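Undergrad: Here are the chains, one letter per residue:
There are 2 protein chains.
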Amino acid sequence: MSGKYTLGLDFGTNSVRALIVDVQDGHELASYISNYAHGDAGIVLRADQPHLARQHPADYLRGIEHAVTQAMEFAATDGSRAFSPRDVIGIGVDTTGSTPLPVDKNGVALALLPQFANEPDAMAWLWKDHTAHAEAEEITASAQKQRPAYLAKCGGRYSSEWYWAKILRCARVAPQVFEAAQSWVEIADWIPAVLSGTTALNKLRRGACAAGHKCMYNTRWGGFPDEAFLSSLHPGLARVRKTLPAACSTVADAAGGLSPEWATKLGLTVGIPVAVGAFDAHLGAIGAGIRESTLVKVMGTSTCDIMVMPNERPLTDIPGLCGIADGSVLPGYVGLEAGQSAVGDIFNWFVLSISPGGSENATHELLSAAAAGIRPGESGLLSLDWHNGNRTVLVDQRLSGLIVGLNLQTKPAEIYRALIEATAFGARVIMERFESNGVPVKRVVNCGGVATRSPLAMQIYADAMNRTVAISRSSQTCALGSAIAAAVVAGPERGGHADFASAMKAMSGAANEVYEPKPANVAVYERLYKLYVQLHDAFGVRDHRSTLSNVMKDLLDIRDAVRSH
Amino acid sequence: MSGKYTLGLDFGTNSVRALIVDVQDGHELASYISNYAHGDAGIVLRADQPHLARQHPADYLRGIEHAVTQAMEFAATDGSRAFSPRDVIGIGVDTTGSTPLPVDKNGVALALLPQFANEPDAMAWLWKDHTAHAEAEEITASAQKQRPAYLAKCGGRYSSEWYWAKILRCARVAPQVFEAAQSWVEIADWIPAVLSGTTALNKLRRGACAAGHKCMYNTRWGGFPDEAFLSSLHPGLARVRKTLPAACSTVADAAGGLSPEWATKLGLTVGIPVAVGAFDAHLGAIGAGIRESTLVKVMGTSTCDIMVMPNERPLTDIPGLCGIADGSVLPGYVGLEAGQSAVGDIFNWFVLSISPGGSENATHELLSAAAAGIRPGESGLLSLDWHNGNRTVLVDQRLSGLIVGLNLQTKPAEIYRALIEATAFGARVIMERFESNGVPVKRVVNCGGVATRSPLAMQIYADAMNRTVAISRSSQTCALGSAIAAAVVAGPERGGHADFASAMKAMSGAANEVYEPKPANVAVYERLYKLYVQLHDAFGVRDHRSTLSNVMKDLLDIRDAVRSH
Numbered sequence: 021m022s023g024k025y026t027l028g029l030d031f032g033t034n035s036v037r038a039l040i041v042d043v044q045d046g047h048e049l050a051s052y053i054s055n056y057a058h059g060d061a062g063i064v065l066r067a068d069q070p071h072l073a074r075q076h077p078a079d080y081l082r083g084i085e086h087a088v089t090q091a092m093e094f095a096a097t098d099g100s101r102a103f104s105p106r107d108v109i110g111i112g113v114d115t116t117g118s119t120p121l122p123v124d125k126n127g128v129a130l131a132l133l134p135q136f137a138n139e140p141d142a143m144a145w146l147w148k149d150h151t152a153h154a155e156a157e158e159i160t161a162s163a164q165k166q167r168p169a170y171l172a173k174c175g176g177r178y179s180s181e182w183y184w185a186k187i188l189r190c191a192r193v194a195p196q197v198f199e200a201a202q203s204w205v206e207i208a209d210w211i212p213a214v215l216s217g218t219t220a221l222n223k224l225r226r227g228a229c230a231a232g233h234k235c236m237y238n239t240r241w242g243g244f245p246d247e248a249f250l251s252s253l254h255p256g257l258a259r260v261r262k263t264l265p266a267a268c269s270t271v272a273d274a275a276g277g278l279s280p281e282w283a284t285k286l287g288l289t290v291g292i293p294v295a296v297g298a299f300d301a302h303l304g305a306i307g308a309g310i311r312e313s314t315l316v317k318v319m320g321t322s323t324c325d326i327m328v329m330p331n332e333r334p335l336t337d338i339p340g341l342c343g344i345a346d347g348s349v350l351p352g353y354v355g356l357e358a359g360q361s362a363v364g365d366i367f368n369w370f371v372l373s374i375s376p377g378g379s380e381n382a383t384h385e386l387l388s389a390a391a392a393g394i395r396p397g398e399s400g401l402l403s404l405d406w407h408n409g410n411r412t413v414l415v416d417q418r419l420s421g422l423i424v425g426l427n428l429q430t431k432p433a434e435i436y437r438a439l440i441e442a443t444a445f446g447a448r449v450i451m452e453r454f455e456s457n458g459v460p461v462k463r464v465v466n467c468g469g470v471a472t473r474s475p476l477a478m479q480i481y482a483d484a485m486n487r488t489v490a491i492s493r494s495s496q497t498c499a500l501g502s503a504i505a506a507a508v509v510a511g512p513e514r515g516g517h518a519d520f521a522s523a524m525k526a527m528s529g530a531a532n533e534v535y536e537p538k539p540a541n542v543a544v545y546e547r548l549y550k551l552y553v554q555l556h557d558a559f560g561v562r563d564h565r566s567t568l569s570n571v572m573k574d575l576l577d578i579r580d581a582v583r584s585h
Numbered sequence: 021m022s023g024k025y026t027l028g029l030d031f032g033t034n035s036v037r038a039l040i041v042d043v044q045d046g047h048e049l050a051s052y053i054s055n056y057a058h059g060d061a062g063i064v065l066r067a068d069q070p071h072l073a074r075q076h077p078a079d080y081l082r083g084i085e086h087a088v089t090q091a092m093e094f095a096a097t098d099g100s101r102a103f104s105p106r107d108v109i110g111i112g113v114d115t116t117g118s119t120p121l122p123v124d125k126n127g128v129a130l131a132l133l134p135q136f137a138n139e140p141d142a143m144a145w146l147w148k149d150h151t152a153h154a155e156a157e158e159i160t161a162s163a164q165k166q167r168p169a170y171l172a173k174c175g176g177r178y179s180s181e182w183y184w185a186k187i188l189r190c191a192r193v194a195p196q197v198f199e200a201a202q203s204w205v206e207i208a209d210w211i212p213a214v215l216s217g218t219t220a221l222n223k224l225r226r227g228a229c230a231a232g233h234k235c236m237y238n239t240r241w242g243g244f245p246d247e248a249f250l251s252s253l254h255p256g257l258a259r260v261r262k263t264l265p266a267a268c269s270t271v272a273d274a275a276g277g278l279s280p281e282w283a284t285k286l287g288l289t290v291g292i293p294v295a296v297g298a299f300d301a302h303l304g305a306i307g308a309g310i311r312e313s314t315l316v317k318v319m320g321t322s323t324c325d326i327m328v329m330p331n332e333r334p335l336t337d338i339p340g341l342c343g344i345a346d347g348s349v350l351p352g353y354v355g356l357e358a359g360q361s362a363v364g365d366i367f368n369w370f371v372l373s374i375s376p377g378g379s380e381n382a383t384h385e386l387l388s389a390a391a392a393g394i395r396p397g398e399s400g401l402l403s404l405d406w407h408n409g410n411r412t413v414l415v416d417q418r419l420s421g422l423i424v425g426l427n428l429q430t431k432p433a434e435i436y437r438a439l440i441e442a443t444a445f446g447a448r449v450i451m452e453r454f455e456s457n458g459v460p461v462k463r464v465v466n467c468g469g470v471a472t473r474s475p476l477a478m479q480i481y482a483d484a485m486n487r488t489v490a491i492s493r494s495s496q497t498c499a500l501g502s503a504i505a506a507a508v509v510a511g512p513e514r515g516g517h518a519d520f521a522s523a524m525k526a527m528s529g530a531a532n533e534v535y536e537p538k539p540a541n542v543a544v545y546e547r548l549y550k551l552y553v554q555l556h557d558a559f560g561v562r563d564h565r566s567t568l569s570n571v572m573k574d575l576l577d578i579r580d581a582v583r584s585h
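Residue numbers (the numbering used here), protein chains in the order written: chain A, 21 to 585; chain B, 21 to 585.
These aren't lab readings, by the way, just hints derived from the structure by calculation. Being a predicted model, the structure only gives us computed values, none of them experimental. Incorrect hints may appear among the rest.
Put simply, identical chains are the same to the list, so a pair is met inside one copy or across any two.
[Said to hold, decoys possible] Pairs of lysine to any residue, SDA-like flavour, derived with a Cα cap of 20 Å:
| # | residue 1 | residue 2 |
| --- | --- | --- |
| 1 | LYS148 | LEU428 |
| 2 | LYS538 | ARG579 |
| 3 | LYS550 | LYS573 |
| 4 | LYS431 | VAL371 |
| 5 | LYS573 | ASP557 |
| 6 | LYS431 | ASN368 |
| 7 | LYS550 | ASP574 |
| 8 | LYS24 | HIS47 |
| 9 | LYS431 | ARG418 |
| 10 | LYS550 | ASP580 |
| 11 | LYS431 | ASP580 |
| 12 | LYS165 | HIS153 |
| 13 | LYS550 | VAL582 |
| 14 | LYS573 | LEU428 |
Working from the sequences, and respecting the hints, build out all of it.
TA: Encoded structure:
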């Protein structure tokens, strides 16, 4: 036993998780989840603005204290391994994103100041806040004209979920907040800075993950977008731009050492390093042991798909990929991010909203058991997995789900299986987009809820993608990734690891569960996938010769016209 | 009160209905349904031959006696109107079809002879018997080469459900039955002949309905198909051909007068005329008051759609229409038959097989109530109604159902409504095919189970077809049509009617229920219908530029390959 541990903090949509991990073998000694106090399960909503979703920064701070102290208590009483708080040698942080937060010149979140305590616009703008739809369109249109290169790294379109769109929205609708905000900080950057007392804007380190994927940061054009471009959108954006660093850091860098104040609060050693933060999926990829040629899929309600390529390898822009950013996952590697807009959500929709046969029959367990008895191709069904649009490679929220091959004998379990298959085919489209752009995929590692709960889905993924699919050991892969980053920033001198390669080798690793493609199934899925691609292209690719690419959009236009009456 | 009544006999798939109708005003005095005794609900099946479906002719005869005597007992005790069996002035008959029956030279059904009593091949080959699939293909291929005109009147393809395919099948698989059969008679022709003692082949009248729609009979080429063509399929078919008359009769003709034997059995007057029989949908159209420019839809699990055009009006072949036959509905008119392969069956599939929310929630009543609260276009869903293939206008059993526009908020009632809308759009495709070929549709009359039970569906049909939709008064429209034919063959001299125009005016008639298209809904459905047609053509039309016409077939090919392993 090394007797050294790191702490991974995983800030989710509704809660924060603290995970204590042994740096020698990745053993997860204890974890604790603390729910956010504000709003509806931690999300501040407003009835008159359905797209608004905010979080109060006080929840993050109270959550750290609660989760860490509880986790340490469990670790101390666990008994399986000796543990003392002084054995904790580093802290890592992952968060949702893009979730930017307005701060004053000291880096204090505005919502922590009395005058803004109840002002949603002064809180963190949660990733799923879509109030900035019009501003995103404006940024996209403006970049298309002025700075097309800015869009090439983020799938050709700037999203309403992202940093600049939200700031621009705030400037438009809440000028008093916008004026009071000296800068805006992604919570992935802000939380490590709080813990290490480095929130002052001249000290605050910004991570390459949030910056590269959400803020149009790229070293090729000198970092963050230039002031002239930002000023053309709103003069105030230039002020924000001036607070941003020339270069960003990776999770191999420390945001600082744990401040005396926080060390006291948490009962930890002053000065242990706090790693620069990154998004949950990116640190999840590290928790799952990402390496070259491995596609890590963090699978839950939707998926986030992560790959890495060594910096020195030539890499072109990849059409339809939502993010390509230097150092966003591992230092020395370009991080590539893709995603499926809905996976578990589609299965849940079928079980909960359609509820075939009623709640006693419509369970994932029963439907999976019945679906497992159906051979690939046997139902004659084929589905498109666009119930929540398509994030990669079509980048189109206005696409919708489709199912074909229905007949009077079609059974619910057949539809359930077809929906799983559709998400597997969707995964394969992304994989092929990587491969056709010089990023081969030799192995797939799935992690997250769907991966650990559905052996049926995992075998279907192995068969439909024709790849070995490994399931990540941890049910809390993102927090594990943060703990790995913590071990790297702690370094060998404190009992940590010298680099990510050794840290991941020791601490991460896919579980024993490995699904190999079955040749007979692969053969059938090859045929079905060709048909999937036919539907995908016909309905999803604009100006496709099929002339059906209008259908889904026209249906939404008709719906919107009807609803507006 | 005229005090005169006619008797309509409606031979369905599982039972025979006897209906007693007042000829003056169409009042339905009494009816009785007698179930067939043999097999599974009247259908003789064989476990080793899933496509086999036969009926025992003894069931028809016992059914007549049972249903008629019971109906007359109810009529006599009804009390609302004076009734005596001697007031019955005529009998009409409608049946399923094509349901041919092998007979000996006296017209006695072989299955009524001791040596064939339990031989399924010697029974009536029920309309839904699909054992003759290969023979139908053979006839189609042969006619395409030798007699293309034969196919032009039946949608371009000879069906496995039809007369010659079934006879050819019998010749191949049951030569002893085939040899014993001097001829084959549609039960629509055989039952009136039995009642009037005219089954001897030289006396037996064959109706234009069965002959024209199922037996390739047309006066343009001299009646039934020629012997040379039939001999090329099987030499024995020429023998059957020799037993067929040069010309066929319509339902305005009497098959004969009621025989003394049957008059005694039924307690009716000897010699009252028995009308030549026709298929249920065709006499249903008469029961619904068909006339020029009126489309009658007999709606149940599937639909049969009927129109008429005056004989003297020029009429080209109509691509994709399954039947065009002189006098098949009304004398002096060409009868046009189309159909949708599944309507009520699709709604039942969703309620019974998918059963969203379980059986307590998945009822037609509850889903209809919820669907009625959804405005056209509001769900963003669009469906194709091909769960059982497409009979008209694509004539393709290997098409399947499709639904598009699904999202994570989609509710069961929205899907239910989309399925109804899909069948309404399918109905409109048929209507437009009539209209684009010179057969205008000014009014739609719907009858049958779906029409009387679903006001929601009927309003959707009115809106989606942009036509007034009237619902036929009678819930037993086919039997009513038979009673109308009986009143015409009885003629004024017996207290009946001089012709169908006056008989239908007096006895039939759409009910007070009339659904007018609502302009706001029509406008939305115009837009949705354009999208429906896009899907229809892309998936359904062979060699369409969309290149998706392979998808549904390929899915079946894959399924069949998997199942055969």
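Undergrad: Next, verify each hint and record whether it holds.
TA: Right, here's what the structure says about each hint:
1. LYS148 <-> LEU428: between (39 Å within a copy, 16 Å between copies)
2. LYS538 <-> ARG579: between (43 Å within a copy, 18 Å between copies)
3. LYS550 <-> LYS573: Between. Shortest inter-copy distance 13 Å satisfies the 20 Å Cα cut-off; intra-copy 24 Å does not.
4. LYS431 <-> VAL371: both (14 Å within a copy, 12 Å between copies)
5. LYS573 <-> ASP557: both (14 Å within a copy, 18 Å between copies)
6. LYS431 <-> ASN368: both (17 Å within a copy, 13 Å between copies)
7. LYS550 <-> ASP574: For LYS550 and ASP574, the Cα distance is within 20 Å only across copies (10 Å; inside one copy 26 Å).
8. LYS24 <-> HIS47: within (11 Å within a copy, 95 Å between copies)
9. LYS431 <-> ARG418: For LYS431 and ARG418, only the inter-copy Cα distance (18 Å) is at most 20 Å; the intra-copy one is 28 Å.
10. LYS550 <-> ASP580: between (33 Å within a copy, 17 Å between copies)
11. LYS431 <-> ASP580: Only across copies: LYS431 and ASP580 sit 17 Å apart there, 32 Å inside one copy, limit 20 Å.
12. LYS165 <-> HIS153: within (19 Å within a copy, 63 Å between copies)
13. LYS550 <-> VAL582: This pair counts as between: shortest inter-copy Cα distance 17 Å, intra-copy 36 Å.
14. LYS573 <-> LEU428: Answer is between: at 16 Å across copies they meet the 20 Å cutoff, but 29 Å inside does not.
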